[in-house]
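> So the chains spell out like this:
2 protein chains.
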Amino acid sequence: MKEPLGRAEAEEYASWFKALADATRIQLVSLLARRREPMTVGEIVEVSGVGQSTVSHHLKILAEVRFVLVERRGTSSLYRINENCVSCFPTAADVVMGKPVPEPPVCD
Amino acid sequence: MKEPLGRAEAEEYASWFKALADATRIQLVSLLARRREPMTVGEIVEVSGVGQSTVSHHLKILAEVRFVLVERRGTSSLYRINENCVSCFPTAADVVMGKPVPEPPVCD
DNA sequence: ATCGTTAATCGACGATAGTCGATACTTTAA
DNA sequence: TTAAAGTATCGACTATCGTCGATTAACGAT
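These protein sequence lines are chains B and L, in that order. Residue numbers for the first sequence follow full-length UniProt numbering, so the first one is 1 and each next one is one higher. Residue numbers for the second sequence follow full-length UniProt numbering, so the first one is 1 and each next one is one higher.
Because the hints were derived from the structure by calculation, they are not lab data. Please read all numbers here as calculations on a predicted model, not as lab measurements. Note that beta-carbon positions come from the ideal geometry of N, C-alpha and C, so glycine has one too. Misleading hints may appear alongside valid ones.
Calculated cross-link-like contacts (lysine-lysine; reagent style DSSO-like; alpha-carbon spacing at most 30 Å) [unchecked claim]:
(1) B:K99 <-> L:K2
(2) B:K18 <-> B:K2
(3) L:K60 <-> B:K99
One-sided and incomplete, this derived list gives chain B residues near chain L with beta-carbon spacing under 8 Å [claimed, not checked]:
(4) D22
(5) A23
(6) P38
(7) V95
(8) K99
Using the sequences provided together with the hints, build the complete structure.
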């Protein structure tokens, strides 16, 4: 029988799911996904109604697993969905099947 | 343009991902997935090395989203993976594409 | 160089979540 | 009915997380 996941792998898997385990982050992802163009933090703050520092905090978490990509343009930061990461994001079936934990893809 | 997810839907999505956003729960799922037969809480406690009340607590969380199914047999509780739920578990792409939040499937 | 704009970081607070030991509950066996 | 076994729940503690306001840092314009 195949061995169950060790603690280290389990934590790696969990860190992926943690990125989407918050309603605010789900909303930010949903918002970015519905805009063709990248959005600045200020725009996101306006539309979402969440505080600026809070938005920045959540975007950082999403960026750490490369779910979103950031590009600095002048004094602004442009955030957009990383389509590559969306497709590499692990599924529940991956956990059950014991698939190796994906690494966040390196992009631009 | 399609509307981004509202708060209520975002929280429903988040509650799915929260179920797998903990390393211990990932390990329990992984363990159950690799055993053909259902396991009792006692067996899971032995193999996982986690305290009995902690195991019970995590199994309850997994059962609430029907990721695992429980069947009482005598004084024991038999837990097993719910294959239906594994396949209906939302993916990151579902969030991005604005797919309706899945309902945990009703089983047996 | 300074000022204004934008975003990231810091510090603090309350809320939530994970863990454990102890206790209560449920079911079977005697 | 009692006792024993197995599990769920409770209470407490700690750690982590989400949020906000304030501050700092980075950049462009004047």
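> For every hint, state whether the structure bears it out.
Structure-based check of all given hints:
1. B:K99 <-> L:K2: violated (34 Å)
2. B:K18 <-> B:K2: OK: K18 (chain B) and K2 (chain B) at ~26 Å, within 30 Å.
3. L:K60 <-> B:K99: holds (25 Å)
4. D22: holds (6 Å)
5. A23: Holds: closest Cβ of chain L sits about 4 Å from A23 (chain B), inside 8 Å.
6. P38: Violated: closest Cβ of chain L sits about 15 Å from P38 (chain B), beyond 8 Å.
7. V95: Where the cut-off is 8 Å and the nearest Cβ of chain L is about 6 Å from V95 (chain B), the hint holds.
8. K99: Hint on K99 (chain B): violated, closest Cβ of chain L at ~11 Å, above 8 Å.
In this structure, the earlier hints numbered 1, 6 and 8 are contradicted, and the remaining ones agree with it.
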